[in-house]
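Engineer: Sequence:
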Amino acid sequence: MNKITASDTILELRDIFSTLGLPEIIVTDNGPTFTSFQFRSFMSKNGIKHVTVSPYHPSSNGLAERSVQTFKKAMIKIKTGSLKEKVCKFLTKYRCTPHSTTSLSPAELLFNRNIKTHLDLLHPCLHDNVLQHQSNQKSYHDKHAKDREICVGDNVFVQNFSHRGDKWLPGVVCESTGPLSFKVKTTSHGIVRRHQDQIRLTVTGVSDTIGLPFVPPVEEPYLVDQSLHEEREIIEKLPNSHTQDENETTVGKQPLLAEQEESKTGNELL
1 MNKITASDTI LELRDIFSTL GLPEIIVTDN GPTFTSFQFR SFMSKNGIKH VTVSPYHPSS
61 NGLAERSVQT FKKAMIKIKT GSLKEKVCKF LTKYRCTPHS TTSLSPAELL FNRNIKTHLD
121 LLHPCLHDNV LQHQSNQKSY HDKHAKDREI CVGDNVFVQN FSHRGDKWLP GVVCESTGPL
181 SFKVKTTSHG IVRRHQDQIR LTVTGVSDTI GLPFVPPVEE PYLVDQSLHE EREIIEKLPN
241 SHTQDENETT VGKQPLLAEQ EESKTGNELL
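When you line the sequence shown up against this note's numbering, it's residues 1 to 270, in that order.
Straight-line C-alpha distance at most 20 Å; calculated DMTMM-like pairs for lysine to aspartate or glutamate:
hint, residue 1, residue 2
1, Lys45, Asp15
2, Lys49, Glu12
3, Lys89, Asp120
4, Lys49, Glu24
5, Lys183, Asp154
No lab work stands behind these hints, which were simulated from the structure alone.
Build the full structure now, drawing on both the sequences and the hints.
Structural biologist: Printed below as a string of structure tokens:
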């Protein structure tokens with residue numbers, strides 16, 4: 001501040017109050033700026049208790065005097081930089097240093113958290129590391145993932161985990177139970193709940209009423225070698241030819257048996 005008039009002081013206080021809010025108490029010395037009617041009126045209108053110390057007795061405001069002493073020592077130790085740069089460096093270190101009485105830093109008392117410093121670069125936060133790795137995993141997954149938008153009323157196929165029916169069942173999305181979870185009304189298994197990875201969109205298929213017949217996608221037939229059919233036909237013909245040969249052999253043997261019986265009968269008569 002170039003001037004310490006009541007108006008300039010009030011303007012600086014307004015700037016501080018706009019960030020941190022109105023304080024309960026302000027302790028000052030007995031300078032003309034703080035004892036003026038304008039300053040006392042400003043304190044009264046904002047509900048701030050204004051306390052002044054005894055004249056020529058600095059120890060009455062011991063907190064302020066101790067802060068000034070700490071500040072002067074820090075300015076002597078900081079060798080490089082402009083005055084403003086030195087002040088900023090001091091405030092950064094002071095506000096993140098735990099106090100001997102409270103065991104907490106001024107920043108933690110004010111913001112309920114510690115501010116980030118150069119020491120955090122030596123010991124990274126575990127929570128931040130986990131979030132960073134999760135973000136990297138999501139980015140890698142999104143590179144290879146397809147963008148699928150499933151809405152209520154869409155005609156879909158859902159994966160069937162029961163032992164009956166087809167592997168994929170036709171249905172219509174009837175409810176969204178989460179960002180990636182849906183309830184689907186199927187034709188044969190009622191309403192089932194499936195994850196987005198277990199659902200496939202279809203262009204044509206079931207209707208919104210689930211009452212019309214559905215024609216599943218045509219699968220390519222299993223191709224069988226033509227030589228197998230030819231071998232099967234040959235095998236089927238073999239028993240018939242074998243039976244026919246046996247019949248012919250039996251018919252050929254019948255006259256021979258008749259001649260043997262006649263010769264046997266003639267021998268008996270002799």
